[in-house]
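S.K.: For reference, the chains in residue letters:
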Amino acid sequence: MSKRTFQGGIHPYEGKELTEDKEIRPLLPKSDLVYPLSQHIGAPATPVVKKGDSVLVGQLIAQAGGFVSANIHSSVSGTVKCIEPRMTSNGVKVNSIVIENDGEYREVDAAPVLDDHKLTKEVIRQKVKDAGIVGMGGAGFPTHVKLTPQNDDEIDYVIVNCAECEPYITSDYRRMIEEPEKLVEGLKIVLKLFPNAQGILAVENNKPKAVKVLKELVESEERIVVQSLKTKYPQGAERQLIYVTTGRKIDSSMLPAHVGCVVNNVDTIVNIYRAIREGKPLTERVVTVTGDAVKEPGNFLVKLGTNCEELIEAAGGFVCEPEKVIAGGPMMGKAMSDIHVPSTKGLSALLSFKVDEVAKCEPSNCIRCGRCITVCPGRVVPSVLAKLAEQGNEEAFLANNGMECCECGCCSYVCPAKRPLTQVIAGTRKQILANKKK
Amino acid sequence: MTGLLNVSASPHVRDKKTTTSIMGDVIIALLPATIVGIYNFKLDALIIILLCIATCVLTEGLFQKIAKRKYTMTDLSAVVTGLLLALNLPSTVPFYIPILGSVFAILVVKQLFGGIGQNFMNPALAARCFLVISFTGKMTDFTYDAVSGPTPLALLKSGESVDLMDMFLGTTAGTIGETSALALLLGGVYLLVRGIISYRIPFFYIATVAVYAAIYSATSLGGFSLEYVAGHLLGGGLMIGAIFMATDYVTSPATPKGQIVFGIFLGLLTATFRIFGGSAEGVSYAIILGNLLVPMIEKFTMPKPFGPSKKDKAKKETKEKNEIMPNTVKLFLITLVSGALLGLVYAVTKDPIAEQNEKKQQEAYMSVFETADSFEELEGFDSEEAGKILEDGGFNGSDISGIVIALDSNKEALGYVVTVVSHEGYGGDIEFSVGISANGTVNGIEFLSIEETAGLGMNATKDEFKSQFTGKQVTAFVSTKSGAKAENEIDALTGATITTDAVTGSVNAAIYYCDYLEGGAGNE
Chain A
1 MSKRTFQGGI HPYEGKELTE DKEIRPLLPK SDLVYPLSQH IGAPATPVVK KGDSVLVGQL
61 IAQAGGFVSA NIHSSVSGTV KCIEPRMTSN GVKVNSIVIE NDGEYREVDA APVLDDHKLT
121 KEVIRQKVKD AGIVGMGGAG FPTHVKLTPQ NDDEIDYVIV NCAECEPYIT SDYRRMIEEP
181 EKLVEGLKIV LKLFPNAQGI LAVENNKPKA VKVLKELVES EERIVVQSLK TKYPQGAERQ
241 LIYVTTGRKI DSSMLPAHVG CVVNNVDTIV NIYRAIREGK PLTERVVTVT GDAVKEPGNF
301 LVKLGTNCEE LIEAAGGFVC EPEKVIAGGP MMGKAMSDIH VPSTKGLSAL LSFKVDEVAK
361 CEPSNCIRCG RCITVCPGRV VPSVLAKLAE QGNEEAFLAN NGMECCECGC CSYVCPAKRP
421 LTQVIAGTRK QILANKKK
Chain B
439 MTGLLNVSAS PHVRDKKTTT SIMGDVIIAL LPATIVGIYN FKLDALIIIL LCIATCVLTE
499 GLFQKIAKRK YTMTDLSAVV TGLLLALNLP STVPFYIPIL GSVFAILVVK QLFGGIGQNF
559 MNPALAARCF LVISFTGKMT DFTYDAVSGP TPLALLKSGE SVDLMDMFLG TTAGTIGETS
619 ALALLLGGVY LLVRGIISYR IPFFYIATVA VYAAIYSATS LGGFSLEYVA GHLLGGGLMI
679 GAIFMATDYV TSPATPKGQI VFGIFLGLLT ATFRIFGGSA EGVSYAIILG NLLVPMIEKF
739 TMPKPFGPSK KDKAKKETKE KNEIMPNTVK LFLITLVSGA LLGLVYAVTK DPIAEQNEKK
799 QQEAYMSVFE TADSFEELEG FDSEEAGKIL EDGGFNGSDI SGIVIALDSN KEALGYVVTV
859 VSHEGYGGDI EFSVGISANG TVNGIEFLSI EETAGLGMNA TKDEFKSQFT GKQVTAFVST
919 KSGAKAENEI DALTGATITT DAVTGSVNAA IYYCDYLEGG AGNE
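Protein sequences appear in the order of chains A and B.
Residues 1 to 438 in my numbering are what the first sequence lists, from first letter to last.
Residues 439 to 962 in my numbering are what the second sequence lists, from first letter to last.
Since the hints were made in silico from the structure, they are not lab data.
Keep in mind that the hints are not guaranteed to be accurate.
Claimed, not checked - Across the chosen pairs, the derived CB separations fall in these ranges:
1) A/205 - B/779: 47 to 53 Å
2) B/784 - A/230: 56 to 62 Å
3) A/102 - B/742: 57 to 63 Å
4) A/230 - B/558: 50 to 56 Å
5) B/766 - A/28: 55 to 61 Å
6) B/466 - A/230: 51 to 57 Å
7) B/766 - A/427: 44 to 50 Å
Because the structure is a prediction, the values reported are computed rather than measured.
Cβ atoms here follow ideal geometry from the backbone N, Cα and C, with glycine treated the same way.
The shape of chain B in the complex, shown without the other chains:
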C-alpha cells in the first residue's frame, strides 16, 4: 500500500444512466418514427433530418467555442433536438428552413438561456413555432405520395371522414415524423420500459384530448363519434407531442403531481386550439404555452415531506391515512367536469341560438318575398343533388343550402325562396336568400352570412346594391363596371368586383335552379 486512498462523500456507487445514455434512449425511441418518415417521404426526409441534426450539433459547438464554454455536443441532446425538429417539418420545405430552425432552436432557445437544462421552452418546438409563423405557407404544405393534400386533422375539422388505419400506420399527409401513431407508440413503449419517461404526461395529455373530443362530438356534432375521437388522437402531432415533446425533462414539471396537471392542461389547450381555433393543429402551441407554466405548476405540486401531517403530529399519534380518492382520480374528475361544463354551456345555448337563427331566416324569407303569407319546406330537397344540377348547368361556385315554397294566404304556391351559398366570396362563403316568383322574377335578396371586406365587399348588404335584382325577370345577371344599362346588368361594387361576381353568380344559380324545378329552360 502506497499513498492515500480516494476519499469522497457517500454514496460510493452510481446508477448507470447518464444524461448521454438517456438522450441515446430517446434517439432509439424516435427511430421507428424516423424510419417511417424516410420510407414515406423518401430522400427529402432523409436530407432534412441530416441537415437538422448537423446544424444543431454544429451550432452548439460553435457557440460554445465562441463563448468559451464547456463542449456538450457529445451528450447527444443537440442530436435529439435536431431529430425532433426534423420530424416536425413537412418534407417539402426548402433546405434553408431546417437550417434556420436548427440555429434558432440551439442558439436562441437553448444556449442563450444557459445550455442544457436551462431553457424554459422545448427548443425543437419553439423552432417549429418560429418557422410556422415565419413561413406559414411552406410549413403547412403537406404531401403524401408526392401529392399535395390536407392532413387528416384538417379533413376532420372540415367535417369530412378520415381513414383511421392510414393514420395509425402513417400512410397519410403530415410532417415527416408525426404521421404514424404506431411508430410513435412503439417509441413510447420503449421509453416507458427503459424508465426514461413516466406514463403520467402522455397518458393524461392524450386522455384529456379524448374526453374533450368525445364530449364535443356528443354535444355539438350530433352524437358521439368514435371516429372523430380516434381521429383526434391519431391525427396531427398529438402522439409525437405527448410522447416526445411534452415529456422533455427540462421543460416539463419534475414533480409527479405536476406532471399530471401538466398533461391535463396540455390536453385542454390542444383540444381547444384544434376545435375552436383557426388552425386544425394545436399541439405545438399548447406545449409551448404549457412550458411557460412549468415553474408555477411545480411550485404548487411539491411533494409533502415524509412524516406525520401537522394534524397527526398535534395528536402525537399517527394513524394510517385512508386516502379515499387518489389525486390522480381527482384530477381526472376535474377534467371530466370541465369538459362536461363546456358541453352543458353548449347544450343550454343551443336551442336559443337555433331559435335566433330560425327567426333570422324567417325574416330573410319575408324580406325577399313580401307578397307571401307563409313558407313551406320543399319536400324531397337534397342539397347534394341540387349541387350536381348546378354543376351540370355550369354553376361551379355555388351551392344551394335550402329552399322553401312561398305560399299565399290560400296556401297557393307563389314561387320559391332559395338559400344559396357562394364559395367565391373574397372573405369566405357568402350565404343569402333569393325570392323568385313562379315566373322567374326576382323578388329580392337578403344576406344571411357574409364576411367581406368592410367598406368594399360589405357594401353588398346595402339596399342600393340589393335592389338592383328586385323585380327583374332575366335568365342571368351580369355585372358591369361601366354603368348598368340593360335589364340584366348589375353595377359592380366599387373595389369589390369579386364580391359582386360571387353574389351575381349565386343569384343566377338560384334562378337556374328554380327554372329547373319548374321544368323550364334547363330541361328543354
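For reference, chain A alone in the conformation it holds in the complex:
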C-alpha cells in the first residue's frame, strides 16, 4: 500500500454497491448505430464509407484526421444509412455516420496475430493507432500519441489508472475482476515499448478484491507491481495519480512524459490487448448504467454507437421520470438534456438521478470557511479564483494560478454556501485557452 497520498480531496458517497457485484452483460443493439466523427481529442475523423455502403463488424468507417485523431470502426454489420449531424451526450450536434444494423454481426477478417518476436515497437504503435484506441476514462486522448514520447528510454513508469475514483462507476472494476489477465497482458505489451519502465497497477483500497486478484496475477511479473492507494477523490486525476504512485509532480504546463510517466486507463489497456492479441479494433466498451432512477443497475458490454436509451432499457428502464441523467460520474460527468444520444468511446457510465439535488441548491454569500482551499488537490484557492472569474479579471486569474485547476469539482462539492465554484472557474479557463489559440 502506498503510504503517500495527495493533499486535498474529498470522500463523496460512493454508490458503487449498486453495481459492483453485477457481472458485465453483453448488450446487442436493436436500433440504428450512430458514430460521431469527433469522440476523441483532436481532429475529427474522415468518413471512408458513403450512404448505401454495407459494412461488417470491425470495418474501418472513418479514418483519423491527423496525428492527434483516431480511427472509427463499425460495431455491427449492416448498411450506412446516412452521414449527418446528430446530437451527442455533450449537448452539441456532431457529424456522425449512421448505420442500420442487420443483426447478423458478420465480422471482417481479424488482423493477423503476430508472434512476439515480430512485435516491434513500430508494429505495436501502428496497431494501436489502427484500432482507434483512445483514453477511455473520459478524456478520449488518442492512445498512440500517448505511447509515442520523445524518448522511449526516459519513461520510468507505465501507470494503469485502476483508481476509478468517480462515485457510482464500476466498469473498470468489473474488467479488473472478470478479465484481469487481459489487463496484465495489455500492460506487458505497453512495457515492450519502454525498456526501462516499471508497470504500476494503481488501485484504490476500496476495491480489495481487485487488489487481491491483480496481486496474485503479477506475483511472477518482475516489471509489474500493484499499488493499493488510500481511497480519495480525485485519485484518478493524472497529476495526483502520478504523484501518489511515484512521488513525481507535474503541473498544467507539463505532460506525464516530462517526468518519465505514461498513464492509461483500464479499458484502454484491455483494448490494446484486444488489438494486438486478437486483432480486433475498438468497437465496444463497458458502461455502468446506474443511479436511483433505474430499476436494475448493472454493467454492460456495449457496442459503440448504441443509443443510450437502449442502455437504460437494458437496466430495466426508469423507476420514475429522472430529473437528471449524466454521461459519466457525478463529479465530472456531463448532464444530458436528452438520452437519445449514441454511446461513445469515452462513456464509462450512464447515471440517472430521480432528484437533481444541485437544482435545489441556492447559492449564498461566501462565508470564507476555507473548505474549498482545504480540498483542492491543485492547491489553488477556488474562492478567490471564482471571485476573479466572476469579475472577468483574467490577468489576476492567471496570477493566482487559475490554470492549475483540473476541474475535479471538489470545491463546488464542499461549498456550504453552494456556490458553483468549479463551473465559474472552468468557464474562465476555457475562455483563456480559447483566446490563446487565436
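Dock chain B against the given chain A, drawing on the hints supplied.
M.R.: Coordinates of chain B only, in the frame set by chain A:
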C-alpha cells in the same frame, strides 16, 4: 420521457453541509457554556441571551426589509452573533446594553459591510468592545453568586492566588459564557469532531499564551508557576475567544498556514495586553486587531499550487522534497524564540534596574536621616505583621513595606527609616521613606513613588511641604487648611487635601510603628 432533462455543470452532487447547518453546529457547541451561564447567573443570564438573539435577528430582518435585500435571518448566523454577544456580557448589565450591542453588531459591523461573509470584524466582539468602551463600569461589574467580585484574571494580575478548579468548572465571576473552561472545551471538541473548525487557530492561540505566560512567570515572577500559566489559560475570555471567536470563518484566515500565523499573533497580543496592559483582559481587543490583519496574513500564506517547484522544473526532474521542518514547527519555534527574547531583555535589564532602585533607596534613606552613617535591615521584619499592628492602631490606609535601622559611625542605633505605602493617594499608592529618631523626632520624608495630579498633589514632593515634618516630635500630625499654628499641624496642599491626608496619615503610621518597636505608647 417527455421534455428535456435538467442540465447543469458538474459536479452533480453536493456535500450535506450548508451555511445554516454549520451555524446550527456552532449553536449546539455553545450550548454547554450557555447552560452553565444560565445555571450560574440565573434568570438575568437567560433574559440577556434571549434579548441578544431576538434583537440580532430582528435587526437583520428589518435592515434587509428596508434595504430591500434578500432575507438571511434563517441562516442562523444572526442567532450565533446574538448568542456569542450575550455570552460575552456580564449578567448584571441593564437590559438596554444587550439591545444596543446587538443592534451595533448586526447593523454597523455586519450589514453595513454587506451582510454575511463581508464583515471584516467579528460582529459580536466588535459590539462587546463598543460596549466596554462606552459603558466601562457596567461592562466590568462581575458577580458570582450575587456577590460582586473581581474575576480570577484580575486576581491573577494583582498577584493573588486563584482557584483553578472553580475556573475549570465555571463557578466563578465573569461574563455569562466565559467562566467554564470545561463547557467551552466540550463545545470545541464538538466543533472539531464535526469538522466545523480546524485545531489550528485555537491550538496555536492557546499554546502561545501558555508559552508566553510560562516565560513571563519564570523570568519575572520569581520562578515558573504552573498555577499562573493555568490561570491565564482558564481565566477570562481565552477559551471562548480561541474556540468560538477567533475561529469565526469570515474574520479569520481561510488559508491553513494563515490560521497558524493568526493563532500565534492573537496569543502574543492577548498575553501582552493581559500582562503589560492596563486591564486584566485582552482577548477581545487582540481578536479585533487580528481581524484587521486577516487579508494581509492570507496574502502571504496562499498555498503553493500543486506541481514541481521552479527549481525542480528547471531540472526537469522532480525528486521528493525532504521537508526537514514542517512549517508548523517553524512557526512554533518563532513564538518560542520571541518569548525567550522578551525574557532575555528582562533578565539583562533586571540587575541594572534593581541596582538603580537600590541606589535610589539609599539616597532616600540618607536624605531623611542625614546624621546616620549607614543603614541596616531590621531583623525579623514582616510586612504583613506590621500591617496588622497598624490596623490595630487604627491606621487602615497604610502599609509598611520596609524598615531599616539608622546607625552612626560607631554602629550605634540612632533611629529608624520606615518606608511606608499609603493606599489613600489620589492617583494610586504613594510610597515614601520617613526618618524617625529613637526619641520619635521626624528627621525628614522622601518620596519613592508617587503618581498624584501634576501641579496639585505632586506638590507634595516639594521641599516646602516635606520640610513641615522635619525636626518635629509629635505623636500624630493633622492637616489644616487655615494655616498651621500648632507643632503637629501641617498646611494642606492647595487643591490636594487627599494627597496631604494620605501622606500625613502614613507619616503618623510610621511614627506609631516606631513607637511600637521602641515599646512606647502603643504598648502602654
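S.K.: Failing hints, ascending?
M.R.: Violated hints (numbers, rising): 2, 4, 6 and 7; every other hint is consistent with the structure.
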